[in-house]
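Quick note on the UniProt record's numbering: the sequence shown kicks off at 1 and runs consecutively.
No lab work stands behind these hints, which were simulated from the structure alone.
Some hints could be false.
Distance windows between CB atoms, simulated [said to hold, decoys possible]:
#, residue 1, residue 2, range
1, Ala-263, Asn-300, 52 to 62 Å
2, Gly-146, Asp-97, 38 to 48 Å
3, Ala-80, Gly-262, 17 to 27 Å
4, Asp-67, Ala-19, 17 to 27 Å
5, Val-6, Ala-80, 58 to 68 Å
6, Pro-65, Thr-7, 26 to 36 Å
This one's a predicted model, so the numbers in the text were calculated from it and none came from an experiment.
Cβ coordinates follow ideal geometry from the N, Cα and C atoms, glycine included.
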Amino acid sequence: FTVAGVTGSFTAGQVATIAGVGTVTIAANGDYSFTPDTNYNGAVPQVSYTTNTGATSTLDLSVTPVDDASVLTADSNTVAEDTTATGNVLTNDSDVDNTLSVATFTVAGVTGSFTAGQTATIENVGTLTIGANGDYSFTPVENYNGAVPQVSYTTNTGATSTLDLSVTPVDDASVLTADAQTIAEDTVATGNVLTNDSDVDNTLSVTGFTVAGVTGSFTAGQVATIAGVGTVTIAANGDYSFTPVENYNGAVPQVSYTTNTGATSTLDLSVTPVDDASVLTADSNTVAEDTTATGNVLTNDSDVDNTLSVATFTVA
Numbered sequence: 001f002t003v004a005g006v007t008g009s010f011t012a013g014q015v016a017t018i019a020g021v022g023t024v025t026i027a028a029n030g031d032y033s034f035t036p037d038t039n040y041n042g043a044v045p046q047v048s049y050t051t052n053t054g055a056t057s058t059l060d061l062s063v064t065p066v067d068d069a070s071v072l073t074a075d076s077n078t079v080a081e082d083t084t085a086t087g088n089v090l091t092n093d094s095d096v097d098n099t100l101s102v103a104t105f106t107v108a109g110v111t112g113s114f115t116a117g118q119t120a121t122i123e124n125v126g127t128l129t130i131g132a133n134g135d136y137s138f139t140p141v142e143n144y145n146g147a148v149p150q151v152s153y154t155t156n157t158g159a160t161s162t163l164d165l166s167v168t169p170v171d172d173a174s175v176l177t178a179d180a181q182t183i184a185e186d187t188v189a190t191g192n193v194l195t196n197d198s199d200v201d202n203t204l205s206v207t208g209f210t211v212a213g214v215t216g217s218f219t220a221g222q223v224a225t226i227a228g229v230g231t232v233t234i235a236a237n238g239d240y241s242f243t244p245v246e247n248y249n250g251a252v253p254q255v256s257y258t259t260n261t262g263a264t265s266t267l268d269l270s271v272t273p274v275d276d277a278s279v280l281t282a283d284s285n286t287v288a289e290d291t292t293a294t295g296n297v298l299t300n301d302s303d304v305d306n307t308l309s310v311a312t313f314t315v316a
């Protein structure tokens with residue numbers, strides 16, 4: 001027998017290979033077998049055979065196409081917190097008979113299905129879209145981390161597969177705001193340095209603090225003495241207390257504190273003066289008749305804020 005387009009002739013029982021098409025053999029008793037190559041369809045080159053009597057005839061074969069099932073592979077992607085996950089769900093999928101595209105997709109826990117190109121909002125998690133060409137984009141909400149509800153997509157061939165996304169946590173920097181307080185002389189300043197600070201990933205606490213001009217550092221809860229100014233302490237929970245020395249007023253050396261996350265900020269304190277009342281002590285003097293009494297009524301009087309002088313006097 002011979003095969004159109006294939007060089008040479010074959011004796012009964014031999015196998016003829018038809019490049020890109022398949023293999024064919026015809027036995028002496030007339031039995032034939034044709035095996036097409038994987039996924040081949042279409043006409044097969046004509047086979048001509050010759051009998052022992054010298055007569056010839058032909059064998060015409062054809063292969064009808066079968067729509068092979070799409071082969072889809074599940075996708076997954078992990079991204080860091082506050083970053084966008086991108087990729088293509090079709091990259092690892094195949095179909096020998098069709099050019100694959102995404103028709104629709106769904107998200108676990110989200111009502112309804114979405115056509116390719118639409119955006120699905122996953123409450124408190126993020127937004128997702130998948131294009132017809134398979135390109136996808138997932139944007140998590142700010143500071144979200146953890147698993148993302150599973151995404152299922154369907155292709156134009158009706159095949160389905162999944163996309164699993166997850167977001168790994170990132171320790172966001174603490175946001176600290178400088179503190180300031182002004183108090184009157186001879187009063188105590190109290191407050192909390194952490195009230196206006198925040199950290200989305202941690203519960204903030206104070207680990208230590210320093211005071212400008214004071215040697216060394218202090219752990220939370222210790223008391224720092226500022227010579228001639230006062231004492232200050234900051235607790236682990238951020239509560240602080242500053243007690244000025246008697247009659248001190250003016251700026252207080254800046255306090256810097258450090259949190260358990262390593263972030264630092266400052267506390268600026270100042271003391272406004274208060275005009276303290278003068279302290280006057282009654283005077284007395286006894287002299288002999290016909291002599292002059294002298295002295296100074298201010299000698300035993302005091303005023304921490306002023307230099308005293310006599311303005312007026314009366315006599316009973």
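The hints, checked one at a time:
{"no.": "1", "hint": "Ala-263 x Asn-300: 52 to 62 Å", "verdict": "holds, 55 Å"}
{"no.": "2", "hint": "Gly-146 x Asp-97: 38 to 48 Å", "verdict": "holds, 40 Å"}
{"no.": "3", "hint": "Ala-80 x Gly-262: 17 to 27 Å", "verdict": "holds, 20 Å"}
{"no.": "4", "hint": "Asp-67 x Ala-19: 17 to 27 Å", "verdict": "holds, 25 Å"}
{"no.": "5", "hint": "Val-6 x Ala-80: 58 to 68 Å", "verdict": "holds, 60 Å"}
{"no.": "6", "hint": "Pro-65 x Thr-7: 26 to 36 Å", "verdict": "holds, 28 Å"}
Checked against the numbered hints listed earlier, the structure breaks none of them; every hint is satisfied.
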